[in-house]
Amino acid sequence: MTRESRLHIPQPAARPGDEPDFSYLHLSPAGSVDKPAVDARARDIEYLSHDLVRVLDDDHSAKGPWDPKLDAEKLHTALRWMLLNRVFDERMWQIQRQGRISFYMPATGEEAVSIAQAMALRHGDMCFPSYRNQGLFMYRGVSLVDMMCQCLSNTRDMCKGRQLPIMYHSKSGNVFSISGNLGTQYPHAVGWAMASAIKGEDHIAASWVGDGSTAEADFHYALTFAAVYQAPVILNVVNNQWAISTFQGTAGGERRSFAARGLGLGIPGVRVDGNDLLAIYSATIWAAERARNGHGPTLIEHVTYRGGPHSTSDDPSKYRPKNEWEKFPLGDPIERLKQHLIHEGYWSEEQHEALIEELKAEVLAAWKEAQKYGTMTEGPWLDPASMFDDVYEDPMGRFDGQRRRMLELEENGGDT
Amino acid sequence: MAQMNMIEAIRDAMDITMAKDPNVIVIGEDIGYFGGVFRCTDGLQDKYGEHRVIDAPIAEGGIIGAAIGMGVNGLRPIVEIQFADYIYPGFDQIVSELAKLRYRSCGEFFSPVTIRTPCGGGIRGGQTHSQSPESIFTHVSGIKTVMPSNPYDAKGLLISAIESDDPVIFFEPKRIYNGPFDGDPDKPSVSWASHPKGEVPEGHYTVAIGEAEIVREGSEMTIVTYGTLVHVAIAAAEATGVDVEIIDVRSLSPLDITTITESVKKTGRCIVAHEATRFGGYGAELAATIQNDCFYHLEAPVSRLAGWDTPYPHAFEWQYFPGKKRMVAGIRKIMEAAA
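Line order of the protein sequences matches chains A and B.
Once you know that position 181 of the first sequence is 181 in the numbering used here, the rest is easy, because the numbers rise by one and skip nothing.
Once you know that position 95 of the second sequence is 95 in the numbering used here, the rest is easy, because the numbers rise by one and skip nothing.
Treat the hints as calculated values from the structure; they're not laboratory data.
Chain B is faced by these chain A residues, among others (derived, beta-carbon under 8 Å): (1) C159; (2) F176; (3) T224; (4) Y392.
Everything numeric in this text was worked out from a predicted model, so none of it was measured.
Every residue, glycine too, gets a C-beta built ideally from N, C-alpha and C.
The whole structure should be built from the sequences, with the hints applied where relevant.
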């Protein structure tokens, strides 16, 4: 008799056709997790890495020590930006489906992460985003037109046609250039934070990766360097349960939380309800205060759910139940904040619908404007010779002949 | 003028740039308190402090990744990778990030990192301490790659690299750290003390990235080479009596192709030589370009002389190393082909 293999192959709780099952998610009641002082040692606050910091309760009230007690204006701001992120993503999805852009990646269901953290950080703090952090760019002042022009690779494209759609950057907004290679930005954030400390400045850095990318070496390099040098950095893991078709268990999430990844290095981990804007905001303020006061890095895991496909090239119905998001126990971050605002008496369904319409009009107007700078089928066009710019500070000599040849071919179709 | 070996020249380049610019920092394994396994950073931590001469964990990908972030935040990091053979864990950070950052952000972000790393064999290092991976990096758009062959160039090129806003991979042929090596392991070693290129000016000077140097003028043949093999080529040329012109490429990318093609047009014969393996190597780029640009001037095929296409062996180092014997045979063969 052949012996059965003892190799463990992690399996998600539900596949297409199955009833969604999130029993594997450890949840804590809203308001139930203690909030320690910012100078607490990692070993004394390990509970933060397996409990779940939540503020917004099922009855829509804000509860417990992590409640940041944001005023109505801040709450409105947060809701507006999350909604804008979603409306923008929905429009861009349609635009891709119409063949007007080549590719898109929505942040549907994860909007609270970017918006809450953008609000909690200071402008001088440097963000090293992942590809689903478009909310950071929006909040930090990149116009919708500029983001759309990037996706169009048109004459106003900040990337001059060099990058896949959504790979934005913003020097003025202090948001780093998005790479298509996963996790590479994590050590950059740590190095940036080390430089800030070397220079005696109090700016901090923050970076984001998904649950899947925590398996990359860069994640572990970053944690090591952050711990060794006590770098003033916030390292975020956005655990949306899915890395394309790979569920979080395959990245190593079955036995311990991603928030616990730093404990072996003495980095405190905070596991936070990633669909609870108030909890994220509060955890970020706490981590930022730690960093700014010389207490080093913090790892924050945001427990959320990727409500949409990975990208426009993905079809999640092939690998997960269609109604999984509906059954996700932490709900929808926008709906939860909206209900909280209504509960507090700051908001109504009517106002909400009106805001959505206003934002849709804003996004549509931006799209009309963006197309004036060129589309995939109509000019104006970028100068293809610009592909030789910015490779180096000054072009290499050998580029001259290549640029000339490329332009000759453009002009005469190659009849030389 | 001071007489320096390559280690002292490299250290002097870092010292001068660190004194001049507080944003220059050094990070690497064993480089701080200890001063580096080859002593290149000896004394720098005493002089500039632990915050500017930083001992790093053994994680080349982390060192390079963190250095990129430091560069984005206004520092000018010099990374030491202890052996070029150890650079591969940092390869993604070099190729996908360091090299591409300026391009993908259209100049909004860049990181002026210089990566110093000892390369090459002849020191009984076996396959993990002897490699010459330069062609892997010259193939990558967005970085510059240089390899000096003497103390004067080492200092001047390193200052250029550190002061450049473009990332530079700076290869240090470790066999010639302490003296020029003509490829004959049985001869007593020679120091830089009496070599004209061991005379190094004090203070700041630069050797421009992108300029080759004719180190020996000749009329019958051109040898295009760099690093340790510059000295092997000189010794071989003298042994054959052939009037060989020898070009030290120094800067592999950007490449000073004009100096090379002018020489080959004059001599009509060319050997391209490097210590790295031949197949797909940097010599293939040189040979193809020389053939293309000098075809009607050539009296013989452009020939390549390189390390064998095997890993660098430990016990058979001198059978592997493209030394004087092979170089002499190569020169004679080309002269016969042309006769």
